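K.L.:
In order, the protein sequence lines correspond to chains A and B. Using the numbering used here, read the first sequence as starting at 2 and increasing by one per residue. Using the numbering used here, read the second sequence as starting at 18 and increasing by one per residue.
Keep in mind the hints are simulated off the structure, nothing from the lab. Be aware that a few hints might be false.
Said to hold, decoys possible - Once the Cα atoms are required to be at most 20 Å apart in a straight line, the calculated SDA-like pairs of lysine to any residue come out as:
#1 LYS297(B) x GLU101(A)
#2 LYS162(B) x MET122(A)
#3 LYS121(A) x GLY164(B)
#4 LYS265(A) x ARG332(B)
#5 LYS243(B) x ALA104(A)
#6 LYS265(A) x PRO329(B)
#7 LYS297(B) x GLY82(A)
#8 LYS314(B) x LEU44(A)
#9 LYS219(A) x VAL225(B)
#10 LYS151(B) x ARG80(A)
#11 LYS151(B) x LEU78(A)
#12 LYS265(A) x ASP310(B)
#13 LYS265(A) x ASP311(B)
#14 LYS154(A) x ASP315(B)
#15 LYS121(A) x PRO97(A)
#16 LYS265(A) x ALA306(B)
#17 LYS296(B) x VAL103(A)
#18 LYS243(B) x GLY82(A)
#19 LYS297(B) x LEU78(A)
#20 LYS265(A) x SER331(B)
#21 LYS265(A) x ASP315(B)
A quick note: this is a predicted structure, and the numbers were derived from the prediction, not measured.
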Amino acid sequence: MKELVVISGKGGTGKTSVVAAFAALAGNAALADCDVDAANLHLLLDPQVQESHEFVGGSIAVIDPEKCTSCGLCEELCRFGAAHDCGLNRQGMPAPFEIETVACEGCGVCAHFCPEGAIKMQETVNGQWFISETRHGPMVHARLGIAEENSGKLVSLVREKSREVAASHGCGVIIVDGSPGIGCPVIASLTGAKLALIITEPTLSGLHDLQRISELTKHFGIPAMVSVNKYDLNGDIAERIEGVARDGGMGIGGRVRYDPVFTKAMLHRQSVVEYTDKGASADLRMLWDTVQAQLADSSAQATTTGEGDGK
Amino acid sequence: MGAEWAVAKARAQAVGAEWVADKAQAVADVVWAKAVVVVAASALAMVAAVDAVVEVEAAAVGASRSRSQSIRVTIASGKGGTGKTTVAANLAYTLAQNGAEVHFVDCDVEEPNGYIFLKPDIERTRTVGILTPKVDRELCTGCGKCGEICQYGAIVVVKKTVLTFPTLCNGCGGCALVCPEDAITEIPREIGVIEEGMAGKVRFSQGVLNVGEARAVPIIRELTRKPLGKTVIFDAPPGTSCPVVESVRSSDYTVLVTEPTPFGLNDLELAVGMMRELKKPFAVVINRADTGDDRVKDYCAEQGIQVPLEIPDSREIAEAYSRGELIAEAVPGYSEGLMKLHEFISQELQR
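Sequences and hints are given; from them, build the entire structure.
P.N.:
Set out below in C-alpha cells:
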C-alpha cells in the first residue's frame with residue numbers, strides 16, 4: 002500500500018485543498034484526515050458516515066471528595082500543575098483538592114501515591130473517529146474532543162483504520178491530510194509513509210517552516226517532495242524555497258499559482274479540479290502526475306531494497 | 018495560614034520554581050496573594066530559590082496590575098495561516114510605538130515565525146528539558162514497578178532488565194518515586210530552547226522545539242510562566258489541542274483570528290468551543306474579510322461573539338508579509354485598527 006502524506010509545517014498553505022484535488026484525480030484512493038484537531042477535508046468531500054466510534058485515548062485523575070483529607074501530596078507530586086488546593090470550605094475546614102482536567106496528563110502518579118486511595122484514574126473519551134464513503138473513495142476521519150490531548154494516538158488510529166479500509170476497498174493509494182507544525186500529530190502522520198508532499202508558500206515564514214519540516218522528514222527517513230503554492234506572490238522566495246528543497250535532496254513537485262478559485266471551490270464544497278479546469282486546476286493536475294510518478298518510483302525502490310510491505 | 022503552607026510546600030519541592038510560580042498564579046485573585054510573596058521571599062531566599070521568588074513577585078504583581086491596565090492577550094486561531102502571527106507581531110510593534118511596555122512571546126514552538134517580522138537581537142538562550150529516568154543497573158532488581166506506573170511506555174522491564182525510551186517520557190517522575198531501590202534518578206533531556214532579547218522597543222521571547230521532538234507543551238508552559246512584561250502578547254500555535262490550551266490558559270484575553278471561508282468557520286467553531294470549555298473571554302478578528310462569504314459574521318452574531326476588527330484582503334499586505342515586513346510599517350492605516358483592537362480588549366477587561 003502506498004501512503005502519501007501531505008504536510009506543510011506552516012498552517013494555511015493549502016494542504017487540504019491539494020488533498021481534495023488529488024482525491025478527485027486519483028479516482029480510487031482511500032483518504033485519511035489526520036488534522037484531527039482542526040479537520041477540514043470533510044467540508045470538501047461531503048463524507049457519508051458509515052461507522053462512528055468513540056476514541057478512548059487516555060485517562061485523567063478524579064478525586065473522591067469524600068475520601069480526600071486535603072493533605073496536599075497530589076499537588077506536591079503533580080508535575081503538570083493539575084492538582085489544586087481549593088482553600089477552605091464554608092465551615093472553615095480545608096476543602097477537598099481538585100484536578101484541573103485540561104492540565105492533567107493522565108500519568109497516574111497522584112492516584113498511585115494518594116495515602117487515602119481517594120484518587121482514581123478514569124478513562125476519557127478524547128474524541129470520535131469515522132469511516133465514511135465519499136464520491137472519490139472511502140475516507141477515515143476524526144474529531145478530537147475540545148481541548149483534548151492524545152492527538153498523536155488518534156492520528157495513528159486514523160492511519161491504521163485507513164489501511165484496513167484501503168485494503169478492503171482495493172485502493173492502490175492512501176492520501177493523508179496532515180496537520181501543521183512538527184510535533185506529535187505530524188510525527189504520527191509521517192511515520193512509515195512512502196512519500197511526504199510538503200505544500201508551502203513563497204513567504205519568509207513558509208521558507209523557515211519548510212526548513213524545519215524537511216529536517217523532520219529527514220529525521221524519520223521519509224522521502225519528501227516540495228510544492229510552492231501561490232508561487233507568484235513572491236517569485237524570488239519561491240525560487241529560494243526550491244533551492245533549499247534541491248539542496249536537501251527533496252524532489253520538486255511543481256508550482257501552483259495564486260488563484261481565488263481555491264476559495265470559490267471551497268464555498269461550493271468542491272475540490273478545485275472539480276470546480277474548474279483552468280488556472281490553478283491545471284497546475285494541480287500536473288502536480289498530481291509528478292507525485293504519482295514519484296510514488297510509483299519510491300515503491301519500486303522500496304521493493305528492491307526489501308522494505309516493501311507486499312502492497 | 019495559606020502563606021505558611023505555601024512556604025512549606027515550596028521547600029519540599031525539589032524543582033520548586035515551577036511549583037511556586039503556578040501557585041502564585043493560582044492564588045493571584047485571592048486577597049492574601051501578597052502575604053504569600055512576602056513570607057515566601059524571606060523563607061525561600063534561604064533555600065536559594067531566588068528565581069522562584071522573582072517569579073512569585075512577578076505573578077502577584079501581574080495579578081494586581083491586570084485590574085488596572087496590564088494585559089496578557091493570546092492571539093490564536095483554529096485554522097492555520099489565518100494571520101495570527103501577523104496580528105500578534107504588528108500589535109506588539111504598534112503598542113510599543115505608542116509607548117507601551119510590550120513583551121511578545123511566541124508560543125508556536127513547532128514553527129515560530131514572529132522573529133521574522135520583529136527581527137529581535139537574541140541575548141539569551143537557555144535549554145528546556147524534561148526530566149527522564151536514568152537507571153542505576155547495580156541497584157535495579159528488575160522488580161518491574163517502574164514499568165507498571167509508566168503510562169507512556171517510556172520505561173519497561175523485560176526479563177528483569179529495564180529499558181528506557183526517553184522520547185516517550187513525559188517527565189511525570191512516577192518511576193523514580195515508585196522505585197523501592199532508589200535506582201532511578203531523573204536527568205533533564207533537552208527538548209528545545211527558549212530565546213530572549215529585544216526587538217526595538219519590544220521585549221521578545223520565543224520557544225523553539227527541537228526537530229523530532231513530539232512534546233511542545235513543556236516549552237510553552239515554561240514560556241508562559243516566565244516573569245513577563247506589562248503588556249504581553251502570546252502568539253499561539255494553530256489548532257485547538259493541548260499546545261493551544263497551554264498558550265491560552267495563563268492569559269487574560271484571547272483573540273481568535275479567522276477568515277470568512279468554510280474552513281475558517283469550521284475551525285473557528287472548534288476554537289470557540291475550546292474558549293468556552295476554558296471559560297476564558299475572547300473576541301474574533303476576521304482577516305481577509307472581503308473574500309469568502311458572510312457565514313463567519315452570521316455565526317458570530319448568532320453566538321453573541323464580538324468582532325472588534327475586520328482586516329480587508331490586500332495583495333499589498335500579502336506581499337509585505339511574504340518579505341517578512343511589519344504591515345504596520347509597510348501599509349498605512351493598518352496600525353489604527355490594531356490600536357482600536359487593544360482599546361476594545363482593555364475595555365472588555367475592565368468591565
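K.L.:
Evaluate each hint against the coordinates.
P.N.:
These are the hints, each one checked on the structure:
1. LYS297(B) x GLU101(A): 15 Å, holds
2. LYS162(B) x MET122(A): Between LYS162(B) and MET122(A) the Cα gap is close to 18 Å, so the pair holds against 20 Å.
3. LYS121(A) x GLY164(B): Roughly 19 Å separates the two Cα atoms, so the pair holds.
4. LYS265(A) x ARG332(B): 17 Å, holds
5. LYS243(B) x ALA104(A): 18 Å, holds
6. LYS265(A) x PRO329(B): Status holds; Cα separation ~17 Å.
7. LYS297(B) x GLY82(A): 18 Å, holds
8. LYS314(B) x LEU44(A): 19 Å, holds
9. LYS219(A) x VAL225(B): OK: LYS219(A) and VAL225(B) at ~18 Å, within 20 Å.
10. LYS151(B) x ARG80(A): 18 Å, holds
11. LYS151(B) x LEU78(A): Status holds; Cα separation ~19 Å.
12. LYS265(A) x ASP310(B): It holds: about 10 Å lies between the C-alpha atoms, which stays within 20 Å.
13. LYS265(A) x ASP311(B): 13 Å, holds
14. LYS154(A) x ASP315(B): 35 Å, violated
15. LYS121(A) x PRO97(A): Within the cut-off at roughly 14 Å; holds.
16. LYS265(A) x ALA306(B): Holds, at about 14 Å.
17. LYS296(B) x VAL103(A): The hint holds at about 12 Å.
18. LYS243(B) x GLY82(A): Status holds; Cα separation ~15 Å.
19. LYS297(B) x LEU78(A): Measuring from Cα to Cα gives roughly 27 Å; hence the hint is violated.
20. LYS265(A) x SER331(B): The hint holds at about 17 Å.
21. LYS265(A) x ASP315(B): Status holds; Cα separation ~19 Å.
In the structure shown, a violation is registered for the earlier hints numbered 14, 19, in ascending order.
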